[in-house]
Each structure stands twice: as C-alpha cells, then as structure tokens.
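J.: Chain by chain, the residues run as shown.
2 protein chains.
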Amino acid sequence: MAEIAVLGFGVVGSGTVEVLDKNSAKVAKNAGQNIRVKYILDIRDFSDSPFHSLFVNDFETIVNDPDISVVVEVIGGVGVALEYTQRCLEAGKSVVTSNKELVAAHGYSLLKLAREKGVNYLFEASVGGGIPIMRPLVQCMAANQISEIFGILNGTTNYILTEMEKNGAEFEVALKDAQLKGYAEADPTADVEGHDACRKICILASLAFGKHVYPDLVSTEGIRSVTKDDKFFASELGYKIKLLGRARVVGDKLYAYVASHLIDKEQLLSGVEGVMNGVVVRGNAVGDVILCGAGAGKLPTASAVVADIIDAVKHLYARKWIGWEDGDPALLADPAQLETAWYIRTDAPKAKIEREFGDVIFAGESNGTIAFKTMMLSGKKINDILARGIKPLSIFRILV
Amino acid sequence: MAEIAVLGFGVVGSGTVEVLDKNSAKVAKNAGQNIRVKYILDIRDFSDSPFHSLFVNDFETIVNDPDISVVVEVIGGVGVALEYTQRCLEAGKSVVTSNKELVAAHGYSLLKLAREKGVNYLFEASVGGGIPIMRPLVQCMAANQISEIFGILNGTTNYILTEMEKNGAEFEVALKDAQLKGYAEADPTADVEGHDACRKICILASLAFGKHVYPDLVSTEGIRSVTKDDKFFASELGYKIKLLGRARVVGDKLYAYVASHLIDKEQLLSGVEGVMNGVVVRGNAVGDVILCGAGAGKLPTASAVVADIIDAVKHLYARKWIGWEDGDPALLADPAQLETAWYIRTDAPKAKIEREFGDVIFAGESNGTIAFKTMMLSGKKINDILARGIKPLSIFRILV
Numbered sequence: 001m002a003e004i005a006v007l008g009f010g011v012v013g014s015g016t017v018e019v020l021d022k023n024s025a026k027v028a029k030n031a032g033q034n035i036r037v038k039y040i041l042d043i044r045d046f047s048d049s050p051f052h053s054l055f056v057n058d059f060e061t062i063v064n065d066p067d068i069s070v071v072v073e074v075i076g077g078v079g080v081a082l083e084y085t086q087r088c089l090e091a092g093k094s095v096v097t098s099n100k101e102l103v104a105a106h107g108y109s110l111l112k113l114a115r116e117k118g119v120n121y122l123f124e125a126s127v128g129g130g131i132p133i134m135r136p137l138v139q140c141m142a143a144n145q146i147s148e149i150f151g152i153l154n155g156t157t158n159y160i161l162t163e164m165e166k167n168g169a170e171f172e173v174a175l176k177d178a179q180l181k182g183y184a185e186a187d188p189t190a191d192v193e194g195h196d197a198c199r200k201i202c203i204l205a206s207l208a209f210g211k212h213v214y215p216d217l218v219s220t221e222g223i224r225s226v227t228k229d230d231k232f233f234a235s236e237l238g239y240k241i242k243l244l245g246r247a248r249v250v251g252d253k254l255y256a257y258v259a260s261h262l263i264d265k266e267q268l269l270s271g272v273e274g275v276m277n278g279v280v281v282r283g284n285a286v287g288d289v290i291l292c293g294a295g296a297g298k299l300p301t302a303s304a305v306v307a308d309i310i311d312a313v314k315h316l317y318a319r320k321w322i323g324w325e326d327g328d329p330a331l332l333a334d335p336a337q338l339e340t341a342w343y344i345r346t347d348a349p350k351a352k353i354e355r356e357f358g359d360v361i362f363a364g365e366s367n368g369t370i371a372f373k374t375m376m377l378s379g380k381k382i383n384d385i386l387a388r389g390i391k392p393l394s395i396f397r398i399l400v
Numbered sequence: 001m002a003e004i005a006v007l008g009f010g011v012v013g014s015g016t017v018e019v020l021d022k023n024s025a026k027v028a029k030n031a032g033q034n035i036r037v038k039y040i041l042d043i044r045d046f047s048d049s050p051f052h053s054l055f056v057n058d059f060e061t062i063v064n065d066p067d068i069s070v071v072v073e074v075i076g077g078v079g080v081a082l083e084y085t086q087r088c089l090e091a092g093k094s095v096v097t098s099n100k101e102l103v104a105a106h107g108y109s110l111l112k113l114a115r116e117k118g119v120n121y122l123f124e125a126s127v128g129g130g131i132p133i134m135r136p137l138v139q140c141m142a143a144n145q146i147s148e149i150f151g152i153l154n155g156t157t158n159y160i161l162t163e164m165e166k167n168g169a170e171f172e173v174a175l176k177d178a179q180l181k182g183y184a185e186a187d188p189t190a191d192v193e194g195h196d197a198c199r200k201i202c203i204l205a206s207l208a209f210g211k212h213v214y215p216d217l218v219s220t221e222g223i224r225s226v227t228k229d230d231k232f233f234a235s236e237l238g239y240k241i242k243l244l245g246r247a248r249v250v251g252d253k254l255y256a257y258v259a260s261h262l263i264d265k266e267q268l269l270s271g272v273e274g275v276m277n278g279v280v281v282r283g284n285a286v287g288d289v290i291l292c293g294a295g296a297g298k299l300p301t302a303s304a305v306v307a308d309i310i311d312a313v314k315h316l317y318a319r320k321w322i323g324w325e326d327g328d329p330a331l332l333a334d335p336a337q338l339e340t341a342w343y344i345r346t347d348a349p350k351a352k353i354e355r356e357f358g359d360v361i362f363a364g365e366s367n368g369t370i371a372f373k374t375m376m377l378s379g380k381k382i383n384d385i386l387a388r389g390i391k392p393l394s395i396f397r398i399l400v
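Read top to bottom, the protein sequences are chains A and B.
Going by this note's numbering, 97 is the number at position 97 of the first sequence; the sequence numbering is gapless.
Going by this note's numbering, 245 is the number at position 245 of the second sequence; the sequence numbering is gapless.
In isolation and in its complexed conformation, chain A is listed as follows (with noise of 0.2 Å):
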C-alpha cells in the first residue's frame, strides 16, 4: 500500500480525492497496490466531510513521515505551493501537481531537484485538464522531432468566444454569462488576458523543445480585442476566432506566443468548442496528432492528477523521463518576424487598403468598417503597411 497526502482541498483537490475513493479498484490494480489518502491539509473548516479525519493543518506532519510517498500539491499560486513542493522533493518524496503557474515558473529548477533526490515531479494536470499530453508528447511520440505544438488551452475565453459566436453576443455579456456559470472567475484577468494560456503554452513548449520557456518572454494577447463584428467577418470568411498558445521551430529559432487566430472551419480544431480544450502536435514522422477534451473542471483535472499519482507509485524507486534544461532570454526569436496571413478590420476606405496591400480578400463591411484577409505577411511588414494610414480597429493572425 501505497500511503499519499494532499496539499490543498480545493476544487481539484476534493476532486482527487474523490476519484480516489470512487474508482479505488481500478486505481489499485492499475498501481499494483492500494493507494491511500494519510493526509490533507487544509486549514479550513471541513468537519462535515466524510474525510474529515485525514485534515491536518500543520505541513511538517506530512513532510516529516516517512510513510508518505507521493504528496499532490494543488493549492495553486507559487508561493507556499513553491516551498512545500521543494521540502517535499528535498525529503525524497514524488510530488504530482496541477499548478501550471508554478512549472511553468519553476518547473526546470523542481524537475532538477527532482531529479537529485532520485524522484519524480509530474505534471500532467498542468496543462489540458484531463487530457492526456505529457505521455503522448514525451513517450508516444518519442521518435519525432516535433516542429510545433499549439492549441486551444483555456476553457475561458473558449467559452467566452464560443458564446459569441452562438449568440452573436459582444465579449462583455459573454464574459458576464461564463462568470454566472462558474466558467470565470470575478476576476478574469489571467484568462481573458491569456495568462493561463500563456503559461500552459510555456510548459508544453519546454516539454517539446527541451528548453525552459519562461512565461515573462512570451508575448501574450488576449481575447478582449474580439469584437461581435470580428466574429462576424471571421465566419464570412470562412473562420472561427480561438485563443491559440503557440510554439514553433522555424529555422533554427524557436517562436512561442498567445494571441487570438482565425482557425478555418474546415479544421479539426476549429470545432473545439465551449469549455473543451485541443491540443495539436506536429511531429515529422508522425504528423498532426490533435488531443481533445475538457481542459478543466474538478473531476477531469482529478482524472489527470491521480494517473499521475498511479504513475508515482509505480515508479517510487525509478525516475520517469520528464525534464529540460533551463531556458534564457535569448532563446525566443520576436514572433512578428514569421509571416502569416492577417484578418484585419478598420474603417479605412476599400480603395486604400486595395492600394496599400495589392491582393486581399474582403469579408464585406458593417457600421462603417470593413474587414479583409491579407496574403502572407510578417508581422513588421504590417506594421509598415499600416503605419501608412489604415488603422487597425481588429487585428488578428489567421492560422495557415
């Protein structure tokens, strides 16, 4: 038997526990052995939970029994998160985590620490919620050298941008309608902006192209400049808009950004919708291998914290492969050097934007502006271009 703690009862740490207590047979066999909750901590009141007698509140109780095997780190944030998690590896225990911000913060220095105490740091529940990525990325396609890795990896502002594109509604309702569903927090900030995105992009990118990529140096746009209009041109064109982090090897330098896309309808991932999560992963052998699947919630991210708890188990006295080495400032290249086709919405006359960008495609016009699609361009060629009196009201790349 196999005895775990968990840090933090949140939602995804009630969720582990549960799927624990619930699907007990299937883990066991899956682990070879019984896996059992000793401990959680929690300084909140959850006498009313029937596992009330597993909360502790003083974190040397679990850092300092040496029962304690695998400690599930989902309190969040990289604070006291960030301190556990380095206590618990230094004690030679494997932690398992769902806190995107502190891998994406932190991972190269935790997996190395990791690594030294001859355990394991894992992760799968950082990015895509429940979707299987890390093993898919790491060990299924272990035989390709991935060229890029970019998806859909905020429920969010997928909601968000769903519902505006089903009701024709502009980005505030839309907003307003998730955080009375529960889909957004009071503060949207680090979703609607692309934080999230943001930092879960970062990991699969230093999972991918071995380096750390460190969220402070990855250009980031949100979804808040998606007009109702923009949808509106967009679906004219052919084209759903999606917040997409990406992460590509062109030349040899390595691009990695979040910004909102236009996404042809004709493709896969265009039909991720809702809360749903996709991930795509290009590899030369193997081509596009497209993940899907709910990208949070309590059971699902539960899904992904506990095959990893298993996965722990199983390995308590051999390391998994999961690693990096540390990044720098200088190992992104500026992403407005790639070229892409750009949708582009302004109230600047059809004849300038004839003049000024030669062959475009419009989407047709409405109060006053006009929306087009124009050929392959970097992104300092249109900022030249633009700068020659078109005003961009919208501004988005089209995935190509």
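If chains are identical, the list can't say which one is meant, so a pair holds when it fits in one copy or spans any two.
Taking lysine-lysine pairs in the BS3-like style, the calculated list, with each CA pair at most 30 Å apart, reads: (1) Lys176 / Lys265; (2) Lys22 / Lys211; (3) Lys29 / Lys253; (4) Lys298 / Lys253; (5) Lys29 / Lys211; (6) Lys228 / Lys176; (7) Lys253 / Lys22; (8) Lys38 / Lys314.
The set of hints was computed from the structure by calculation and includes no laboratory data.
Since the structure of chain A is provided, determine the placement of chain B on it from the hints.
T.: For chain B alone, kept in the frame of chain A given last:
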C-alpha cells in the same frame, strides 16, 4: 546500445528503419542509449537499399542472436508472424508490432507468453497508426472507469465516405478514386466490409475492459450500403455518415460492433475527414477524450512503432503493464438490445411511416425514396416495426 531486428521490409518496416535513422539523435536521447538495427528479415531483393548490408533471410539468425533484445514484427497476418512472435518472446526478446490482425486474434496468449518470459509485447501502431492511443488509455486514463470507446478506425473507408460527401459521388466511384490514390487496396474487402475496423475495436475493447474481445464475435457491417442519397439525406438532417467501431458497457453488459453511423455535425468526431482516424474514450472522471491523427501511412505508423521500440528498450528488465484476461463467446451481449435513434431510407409511403413509427423527423424525398430519423428504439424493436411492411433501403444507427 540496444540492437534490434525488423521482420518484414514493407511499408511499415521500411518506415521504421527510416525513422530510426533520420531521428536517431532524438530516439537515442529518449531511449537513453543508441538503437541500432542489426538485422532486417526479408526474402526480397533490396540490394539497392542503403540498408542492404542488414538484410538476412533466415529467421534463425535473429532468434538465436543473444544481442537482439527487441524484435519488430511488421510482416502482418497470422501465419508466420504468429510463429515468429511466439519464438521471439520465448527466446526472451521483446516484440513490437503494428499487426492488428495478430493482436486482435492472439493478443491474450501473446501477452500471457510475454509476461511469463518477463518481456514486453507492444502494439501501439496496431490501432490508429501514429495516434497515441494505448498509453493515453492505459496510463493517462488509469484513474477512470471506461464506459465506452469508439471511433473512426479505418482511413480507407473514411476517405471514401468523405469523398462521397464532398463530391456527391456514389460508393463505387469513390472507391475507385481511393484505389487510384493508393488509399484502398485492389481487394478492398478488409477495409470496406469493416473487418479492419473490427480488429482495431477488439484491441481497444480488450485494453479498456480487460478481457479479450475476439473479432469473430463482433457484429460487423461495412460501408457498401451507404449511398449518395444517404449522404444527402443525412446532411439535410445535420449529420455526417462515418464507419464506427464501438465498444460499450451498458449496465453489466459489454457490447461491441462495427457499423456506419450518422454523427451530428456539431460533434468534433464528425470533423475527422479523409484518411484521418479519431478515437473517443469516455471515462467516468475525465469525460470524453478525443484523439485524432493519421490512422495509417508509412511514417505515422513507423512513429508509433519506434515509440514502442524506445519503450521496450527502456523496459528491458521491467514489464510495462499491458494485458488482459481471456475472453469467451458469452462475453458480448447482442447490440440489437441497445436503444438508439435510427436513420432509415425507404420507398414506403410517408403516411405508413408516420403510422408505424409515430414521431419521426423526415429529411425530404428524392428519386422516389424518403429518409427519416426515428426516436430511441432498440434494434429488435425496429425490426418488429419494419416487418410490418416498411422495407429499408438503408438503415443506420445515429450516434446519440
């Protein structure tokens, strides 16, 4: 350094050698050591091949070489492939394969033999080409009770159905096109009659539910009965027609079947077009996980084979937990017991259809035939109704 042998230098065998060669640095990094192909077994003449010095034509050379730790069986079929696989496992060598026919027919006994010998029998490439399926199912979803696994498992039939949809072509025309493009074989029986999809759903069902599901017990229909008219009517109703392999637990019974289905265009799986494959796994914690990619082809399949080679090399002295119990004829229940909505095309009069079926949704009429969608009915019940004088020209399940 690990030394391996490849049995069969056809499409997948040559792709495997190519991927090992082209991506050797990445492969070595992930395997923790270099992997060298020492022998290729094929009796044909490959004197022009850059790998010509590796060819042998005597299996004894390979099975008796103690340096060979992993053997790749990409011969296909259940004849010599079965014999060689047994002998390699008995000789203490791990075996990696893309041979779905062999795994579907003899997976239980081969996995049992591998376990007895302390080696691995791995077959990620046998289902869905390069799409990661085995590890996501066995490892990433290890915390879930699986209630259903289903998908588009055959690229040839999906290409034909996609072409019929796009070009309004009849089956025979689309089949010829697929043959010209190399997506269908001269004798397309195994694909268009559903046998290939059947083998794959048997492998997935065995993995997901823990007992060997033998292909000859699985109700299997192909796509020959899908007409241009059906494609048109289905589209009118908001559906695409896809060949699905399905395995489901309903109550305490297991059902497995292969048949053409109508899938709502809003569902992501309906967007899996052409030679792509897509698999949906439904777990009680994670919900639906959808895995898509190239379901066949030289390099995609080789990508999965090489991933298994890497895993076999990393686990020479430890076994991967993959296995299932033996199945028996009583394992599967009759899918005609299951309720679903149905699509029916007939030349019966509309008034009679309404009288016999009650609430239905009509798709319209064409060439003297009429198509409609029923409410939820079991296969047995629908046969009773049809026996009252409604002759179905086509009848398909609707994925609900």
